[in-house]
Amino acid sequence: MNLKAMNNTRLWSRLPLFALIGMPMAWIIGYSLAYSVGLIGLFSSGFTLDHWQSCLSNTSAGRSILLSISVAAISTGIATLLAIMTVVLWPGCGKNTTFLATVCVGLGTPAVVFALLVSHWLGGGGWLARLAWHLGLIEQPSGVFSLVGDRFSLGIVVAQVCTSIPLLLLFFSQMWETIKGDKLTELAATLGASKWQIKSSVALPILLRRARSLILLSFMFNLGSFEIPLLLGRQSPQMLSVLTQRRTGQFDISQRPESFALSSMYFLVTSGMLILYLSWRRISAKQT
Amino acid sequence: MQNKRKRTILILVLVFLPYASLLILSSGSGWSFPRLFPDRIDFAPWRTAWSGRYTLLMASLNTVVMSIVISLASTSLGLISGRALKRQESMLLLFVVYLPFVLSPVIVGTVLYDIESRLGIVSSILGVLIAQFMFAYAFATVFFYELWDSRIQRLEQLVQTLGGDSRTVWRHSILPSASGLIAVCLIQTSIFVWLDYGLVSALGGGNVPTVTLLLFSYLREASINQASQAAIVLLVGSVLACLTSAFILKRTRRRVGEQL
Amino acid sequence: MNAASESLVDCKQHLDTTSSNDYLEIYELSLLFGATKVLDNVTLRVHEGETVAILGESGCGKTSLLRIVAGLLVSTSGSVRLSGRSIDSLEASKRGIVYLDQDALMFEHLTVYENIAFALRIAKRPSTEIDSKVQQMLRAVQLEDQATKRTWQLSGGQKQRVAFARAILASPRVLLLDEPFCSLDCRNRAIMQQLFLDLRQRYLITCLFVTHDVKEAIVVGNRFATMSGGILKQYPTSLAFVEDETTGAAAERAFWAEQGQIL
Numbered sequence: 001m002n003l004k005a006m007n008n009t010r011l012w013s014r015l016p017l018f019a020l021i022g023m024p025m026a027w028i029i030g031y032s033l034a035y036s037v038g039l040i041g042l043f044s045s046g047f048t049l050d051h052w053q054s055c056l057s058n059t060s061a062g063r064s065i066l067l068s069i070s071v072a073a074i075s076t077g078i079a080t081l082l083a084i085m086t087v088v089l090w091p092g093c094g095k096n097t098t099f100l101a102t103v104c105v106g107l108g109t110p111a112v113v114f115a116l117l118v119s120h121w122l123g124g125g126g127w128l129a130r131l132a133w134h135l136g137l138i139e140q141p142s143g144v145f146s147l148v149g150d151r152f153s154l155g156i157v158v159a160q161v162c163t164s165i166p167l168l169l170l171f172f173s174q175m176w177e178t179i180k181g182d183k184l185t186e187l188a189a190t191l192g193a194s195k196w197q198i199k200s201s202v203a204l205p206i207l208l209r210r211a212r213s214l215i216l217l218s219f220m221f222n223l224g225s226f227e228i229p230l231l232l233g234r235q236s237p238q239m240l241s242v243l244t245q246r247r248t249g250q251f252d253i254s255q256r257p258e259s260f261a262l263s264s265m266y267f268l269v270t271s272g273m274l275i276l277y278l279s280w281r282r283i284s285a286k287q288t
Numbered sequence: 289m290q291n292k293r294k295r296t297i298l299i300l301v302l303v304f305l306p307y308a309s310l311l312i313l314s315s316g317s318g319w320s321f322p323r324l325f326p327d328r329i330d331f332a333p334w335r336t337a338w339s340g341r342y343t344l345l346m347a348s349l350n351t352v353v354m355s356i357v358i359s360l361a362s363t364s365l366g367l368i369s370g371r372a373l374k375r376q377e378s379m380l381l382l383f384v385v386y387l388p389f390v391l392s393p394v395i396v397g398t399v400l401y402d403i404e405s406r407l408g409i410v411s412s413i414l415g416v417l418i419a420q421f422m423f424a425y426a427f428a429t430v431f432f433y434e435l436w437d438s439r440i441q442r443l444e445q446l447v448q449t450l451g452g453d454s455r456t457v458w459r460h461s462i463l464p465s466a467s468g469l470i471a472v473c474l475i476q477t478s479i480f481v482w483l484d485y486g487l488v489s490a491l492g493g494g495n496v497p498t499v500t501l502l503l504f505s506y507l508r509e510a511s512i513n514q515a516s517q518a519a520i521v522l523l524v525g526s527v528l529a530c531l532t533s534a535f536i537l538k539r540t541r542r543r544v545g546e547q548l
Numbered sequence: 549m550n551a552a553s554e555s556l557v558d559c560k561q562h563l564d565t566t567s568s569n570d571y572l573e574i575y576e577l578s579l580l581f582g583a584t585k586v587l588d589n590v591t592l593r594v595h596e597g598e599t600v601a602i603l604g605e606s607g608c609g610k611t612s613l614l615r616i617v618a619g620l621l622v623s624t625s626g627s628v629r630l631s632g633r634s635i636d637s638l639e640a641s642k643r644g645i646v647y648l649d650q651d652a653l654m655f656e657h658l659t660v661y662e663n664i665a666f667a668l669r670i671a672k673r674p675s676t677e678i679d680s681k682v683q684q685m686l687r688a689v690q691l692e693d694q695a696t697k698r699t700w701q702l703s704g705g706q707k708q709r710v711a712f713a714r715a716i717l718a719s720p721r722v723l724l725l726d727e728p729f730c731s732l733d734c735r736n737r738a739i740m741q742q743l744f745l746d747l748r749q750r751y752l753i754t755c756l757f758v759t760h761d762v763k764e765a766i767v768v769g770n771r772f773a774t775m776s777g778g779i780l781k782q783y784p785t786s787l788a789f790v791e792d793e794t795t796g797a798a799a800e801r802a803f804w805a806e807q808g809q810i811l
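Residue numbers (this note's numbering), protein chains in the order written: chain A, 1 to 288; chain B, 289 to 548; chain C, 549 to 811.
In isolation and in its complexed conformation, chain A is listed as follows:
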């Protein structure tokens, strides 16, 4: 095949990517941006940053953004910590069939089911409340702190940890095999390191370094999560995805530019994180 033919083939094989993903995404993000700055839309009156300013100065939108970032960060952090501690304390878990099957079940459990389980078990009037009543610990359902619509969004955190942990566990357990963790542990031991020093100075830093891209990906997924905050979140402030969906669906059309400003902000932030993710992946690929 000559160079011209090769280039033609490359062009044809890439065309679907541009046509079916690139262009629609560009259209979606462009539409959102254009609407948010007043270039298009029912009440558009030319370029303006008023809607962005209004959105940012709006307390509920600001609190929503802050809430979404905090909850996503906390959920990802807890899930990472639990997953990495499991593998560091039980390095052989990647070869254990029961462990892998359990992780698989967790991986296959949809986010909405986790949200439902949190609601059933830890909500007001849930299983825990009923058990507590039967044990004589409470007299009414409100006696137990409910994780549905709670002030600290703990219910959302618990459900998001449940959704993030299986993938992280699988990653860390397989990564342990890839980096020859058992051999590294033995080497460090013969060099005089104690069990604690091996875990803290060798295992933990290597695993965390290798996992940073996945942790970022996990954070992005948690940030854009919808079903969990829809079921377990408060009325105010709401997580970003829920707020965006509710605002866009409202009858007050004049609010639409602000909701598009919100979605545009989300697109821009996530795109920035995606670029970071891809660069980290590129660096990791060179290092392995």
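Quick caveat, the hints were computed from the structure, so don't treat them as lab data. Be aware that a few hints might be false.
[To be verified] Derived pair list, reagent style DSSO-like, types lysine-lysine, alpha-carbon separation capped at 27 Å:
1) A:195 / A:95
2) A:183 / C:681
3) A:199 / A:286
4) B:292 / A:180
5) B:538 / A:183
6) A:195 / C:642
7) A:180 / A:95
8) A:199 / C:763
9) C:642 / A:180
10) A:180 / B:538
11) A:199 / A:183
12) C:642 / C:707
13) C:642 / A:199
Predicted model, so just to flag it, every value in this text is computed and none were measured.
With chain A's structure known, arrange chains B and C on it following the hints.
Structure of chains B and C alone, referenced to chain A:
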């Protein structure tokens, strides 16, 4: 050894107990406080699964059909694009492909609503399918890009050096070698559609019955038993798919290991 | 046999007759995996500063022997003594025995400098001492300009040098080397063998060196042994090792003699 076994059993019970609770709740009617079990164990949700306008059975069948359509289309195209991306990496293309992978479908859906309403396809199954296809296609491309084996590439080159044209390369090296990956991708993309709520709720306008939509409507009606039932249907499909994918991947890797 | 290798054998014979006190004693070590006898009553005495080269094919028990000595595997019976004291009950981190295999494992989150300094940092030595020893070692292994690099930027040979440097700075009482150079090309292998000899002489290292390469065994060893089916056979002199048909040394010698004539 016995202590270890007892500990394993305890952990397994704790992990699977919540799932068992869904089964228990779906087997009865009502769940008034402070009862631990439903008010009546009459399997009413399962008996009424196929009555009424939007039944669970109808929603399940509809979702299965949508899943099959999307998975076939996205996997076929994803295979070509993923392979192309692996052969000639480009940061820009990677960014384009990963974007739907990381963005929240519901936020994209809220913007797509406007666009689709201008095109006249909003609140229809076509509008939902188009949006789901975009996400599934991106997923399939990323999937094949990430898991494309260098061994498959070497097989392609071998067939070429033996005089094979591109059809032969596909028939004798790519499709046989990537059959495991193709099967897994078909399953994973169909699961994406099976579990999707964001796009269906944003673009379906309530006209596209799916299991997830039904689940949320049961929750809004505070029908806890039927919501649990819908959750079990979702869960069974999803977990089976996950276990099947894991099995296929393991078998593929073992076969590759034997060949090497 | 040419003049160079003759003088090498003479040198080794000289070492044999001037042995000092037993330093490492392996006494009737056996290891069973189910019904399989991996090690069968292995007894070996190593003098201080000596290198015993152990030759054997894959699966003969060489690695298991080293791992037991390092404290990474528990034997079925027998004991290991260091300077007359039993170390059987000591865990690996307390034995002062460093085990290196062919993988040249690196702590990828650390730079070359920090990899080499690892054991000293673990032992909480003062920074000035660490710096001076690490710099000295970097010069000894010719990696002064690689100090700040990450280990994934190094070649296979360079990684082996880092592994050596790191092991030696741990001040091991015994160094166990399990086919450390088998993954290197010929040229790098020769360089590493010479580096090992230099470092051994400088730091007076006691060593068990496992290899399946006869030439390598002859180059690095002061004494020789072969392992087969879990049984260790030792040679009273290096000449006995070279002349034993089963070691392959004789065949090797004949090959080079023939090459010498052709060339």
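Evaluated hints:
no., hint, result
1, A:195 / A:95, "holds (21 Å)"
2, A:183 / C:681, "holds (26 Å)"
3, A:199 / A:286, "holds (26 Å)"
4, B:292 / A:180, "holds (26 Å)"
5, B:538 / A:183, "holds (24 Å)"
6, A:195 / C:642, "holds (11 Å)"
7, A:180 / A:95, "holds (13 Å)"
8, A:199 / C:763, "violated (40 Å)"
9, C:642 / A:180, "holds (22 Å)"
10, A:180 / B:538, "holds (20 Å)"
11, A:199 / A:183, "holds (13 Å)"
12, C:642 / C:707, "holds (25 Å)"
13, C:642 / A:199, "holds (17 Å)"
Violated hint: 8 only; the structure is consistent with all others.
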